[in-house]
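There are 2 protein chains.
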Amino acid sequence: MSEFKVVLVGASGAVGHEILKVLDERNFPVGDLKLCATSRSAGKEIAYRGKYYSVEETTPDSFNGADIVFFAGGAASKEFGPAAVERGAVIIDNSSNFRMDPEVPLVVPEVNPEDVKWHKGIIANPNCSTIIAVVALKPIHDAAKIKRIVVSTYQAVSGAGAEAIEELTVQTKAVLEQGKITPEVFPYQIAFNLIPHIDVFMDLDYTKEEWKMVKENQKILHDDSIAITATTVRVPVYRSHSESINIETERKITALEARQVFEKSPGIVVVDDPAAKKYPMPLFSSDQDEVFVGRIREDNSIPNGLNIWVAADQLRKGAATNAIQIAELLIKYDCLKKK
Amino acid sequence: MSEFKVVLVGASGAVGHEILKVLDERNFPVGDLKLCATSRSAGKEIAYRGKYYSVEETTPDSFNGADIVFFAGGAASKEFGPAAVERGAVIIDNSSNFRMDPEVPLVVPEVNPEDVKWHKGIIANPNCSTIIAVVALKPIHDAAKIKRIVVSTYQAVSGAGAEAIEELTVQTKAVLEQGKITPEVFPYQIAFNLIPHIDVFMDLDYTKEEWKMVKENQKILHDDSIAITATTVRVPVYRSHSESINIETERKITALEARQVFEKSPGIVVVDDPAAKKYPMPLFSSDQDEVFVGRIREDNSIPNGLNIWVAADQLRKGAATNAIQIAELLIKYDCLKKK
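Each protein sequence line maps, in turn, to chains C and V. For the first sequence, full-length UniProt numbering assigns the number 1 to the initial residue and increments by one for each residue that follows. For the second sequence, full-length UniProt numbering assigns the number 1 to the initial residue and increments by one for each residue that follows.
Because the hints were derived from the structure by calculation, they are not lab data. Computed from a prediction, not measured in an experiment: that's the story for all the values here. Heads up, a few of these hints could be off.
[To be verified] Some residues of chain V that are not near chain C, with every Cβ distance over 12 Å (derived):
| hint | residue |
| --- | --- |
| 1 | D24 |
| 2 | D32 |
| 3 | T38 |
| 4 | E56 |
| 5 | D61 |
| 6 | K78 |
| 7 | R87 |
| 8 | N97 |
| 9 | E103 |
| 10 | G121 |
| 11 | A191 |
| 12 | M202 |
| 13 | E328 |
| 14 | K337 |
[Said to hold, decoys possible] With a straight-line Cα cutoff of 20 Å, these simulated EDC-like cross-link-like pairs (lysine to aspartate or glutamate) come out:
| hint | chain 1 | residue 1 | chain 2 | residue 2 |
| --- | --- | --- | --- | --- |
| 15 | C | K278 | V | D199 |
| 16 | V | K277 | C | E257 |
| 17 | V | K252 | C | D205 |
| 18 | V | K332 | V | E114 |
| 19 | C | K278 | V | D203 |
| 20 | C | K277 | V | D205 |
| 21 | C | K278 | C | E257 |
| 22 | V | K208 | C | D273 |
| 23 | V | K51 | V | D24 |
| 24 | V | K173 | C | E177 |
Ideal placement from N, C-alpha and C gives every residue a C-beta, glycine not left out.
Just need the whole structure built from these sequences, with the hints factored in.
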């Protein structure tokens with residue numbers, strides 16, 4: 001099997017860290033590896049498979065000879081993505097910069113793997129909350145056609161990066177010790193609090209995070225007719241986003257049938273045994289690659305309603321794992337550029 | 001103004017503590033006060049307005065001469081409620097024991113104050129999550145008739161009592177210090193976790209807490225045609241429940257109109273200015289009596305949809321304050337029993 005030259009931009013952040021971990025775990029055929037970041041992190045040493053790599057400041061020439069470039073997030077892909085593509089790499093971008101670009105496939109391998117085939121050099125990795133939802137929604141959509149979903153999210157702080165993890169720890173200690181709290185990453189104290197505000201406010205007073213849930217789910221499922229509304233909320237949990245999803249389908253699907261459908265679906269673990277107190281929780285979904293689905297209940301407030309509760313590690317399936325699964329598809333479908 | 005003989009059963013718990021605080025703050029006309037609890041707490045000294053009261057073990061004779069009896073929660077009202085009523089008291093019961101009894105009014109003073117008038121000795125205080133939701137739902141129901149609501153809750157640990165508050169603190173410290181965690185009050189670790197399971201599991205795999213949201217809202221609003229579905233979730237927050245509520249109305253109500261309706265409604269504070277990052281949060285609604293409503297958005301996934309986010313202190317408006325407001329109504333409407 002061939003090996004590939006991989007560049008990781010944003011190597012020093014929470015998602016970058018996870019990408020390296022997952023590349024290793026999945027035994028991804030990394031031939032040559034280059035780690036890039038902003039000048040602030042340049043020079044930092046980061047280990048991969050026992051070898052230390054010095055983080056370089058990203059420049060267009062960072063991509064010379066690269067086969068696959070992972071952008072962990074932020075503005076970097078907007079600035080350097082075109083240079084990487086020009087140099088013959090395929091980029092897998094975890095930022096929101098290109099997700100809604102009609103020329104760019106937005107891919108969740110369990111849902112729309114074939115979309116990698118029409119890439120023009122850039123493939124977008126969806127928003128973490130979207131990935132987690134859509135893995136669970138896809139089999140229900142296939143089985144009973146989804147008309148509408150109402151989502152409320154419970155999002156872990158690590159979705160906001162490594163500094164956010166530290167902020168939760170520092171603030172939590174401060175609350176317990178009755179010390180002073182100075183929010184930096186989040187707009188308010190997140191320890192023992194909830195913040196119903198993720199990303200910037202946009203049209204109709206929805207946040208960008210809420211709009212992503214609408215637009216990205218529709219794009220990945222290739223169905224703009226699915227009506228979606230979302231309320232996204234930050235919770236004082238380190239890792240794993242959870243989502244309460246109410247689904248209305250064209251055709252009635254019973255809780256039993258939904259459970260069977262989920263059990264047969266890739267990337268899903270059903271945890272749904274109320275009598276035994278089994279349901280998805282961040283505590284048990286953290287550091288896992290699957291989307292955990294439970295609390296599967298018929299919603300009899302409408303004829304064809306279903307409630308589910310999902311949890312998944314947003315740094316893994318919601319970011320790193322999904323990105324690397326996309327890279328694996330590129331290899332499988334022979335969609336990397338020939339050098 | 002007359003003064004009344006008040007008995008508080010469950011004086012040593014989180015809700016009992018709050019009832020005493022709110023009686024004091026609202027200058028409730030307490031003439032004589034008796035504090036009762038189980039034998040476990042008997043003998044404990046609790047202060048009210050600078051005077052110490054010794055907690056008595058509840059017996060039927062605890063209610064001799066009582067005008068108003070507050071039951072803070074649990075099984076006590078089932079055991080002792082009839083004895084209190086026989087002795088001529090009116091009981092305001094914060095437990096779920098009598099809430100769905102057709103002979104018992106279930107009252108939120110901002111919503112259905114007139115219902116206190118037909119009491120037969122017992123008035124039920126609704127579930128905390130229901131109170132918080134229904135204060136916000138009532139003005140929308142009056143303005144545009146609610147057809148359906150989809151609720152996801154974010155419930156603070158203090159809803160599970162004083163031991164639950166302690167458990168969150170102990171577990172949080174244990175996580176930070178990498179110590180051992182042994183859940184006692186909650187079925188799993190709650191620190192930095194979410195538990196989608198409040199109260200026992202019942203029909204159709206919904207929890208009792210979820211069924212309460214359905215049945216109690218319908219009873220308080222006198223409208224069984226309102227379709228309701230709920231997912232209730234415990235979050236690592238000390239105080240104040242939050243709820244993401246999606247509302248479908250008969251008539252279209254714009255976000256602007258909804259905001260105006262909320263602003264005119266009793267018991268509600270509108271906190272809804274995205275540009276200034278103003279929205280309801282547990283951090284600011286704790287130790288307050290009002291229901292804070294924000295993130296008011298039209299939900300265009302259906303013709304007449306509205307999303308709101310509410311937060312309120314479930315020990316105050318969700319329990320103690322509501323109970324004392326009911327007692328105030330009993331006095332105002334002259335509905336106490338004549339001795």
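Status of each hint after checking the structure:
no., hint, in the structure
1, D24, "24 Å, holds"
2, D32, "38 Å, holds"
3, T38, "27 Å, holds"
4, E56, "35 Å, holds"
5, D61, "41 Å, holds"
6, K78, "25 Å, holds"
7, R87, "41 Å, holds"
8, N97, "23 Å, holds"
9, E103, "27 Å, holds"
10, G121, "34 Å, holds"
11, A191, "9 Å, violated"
12, M202, "9 Å, violated"
13, E328, "31 Å, holds"
14, K337, "40 Å, holds"
15, C/K278 / V/D199, "14 Å, holds"
16, V/K277 / C/E257, "43 Å, violated"
17, V/K252 / C/D205, "18 Å, holds"
18, V/K332 / V/E114, "11 Å, holds"
19, C/K278 / V/D203, "16 Å, holds"
20, C/K277 / V/D205, "11 Å, holds"
21, C/K278 / C/E257, "19 Å, holds"
22, V/K208 / C/D273, "16 Å, holds"
23, V/K51 / V/D24, "12 Å, holds"
24, V/K173 / C/E177, "11 Å, holds"
Checked against the numbered hints above, the structure breaks hints 11, 12 and 16 and satisfies the rest.
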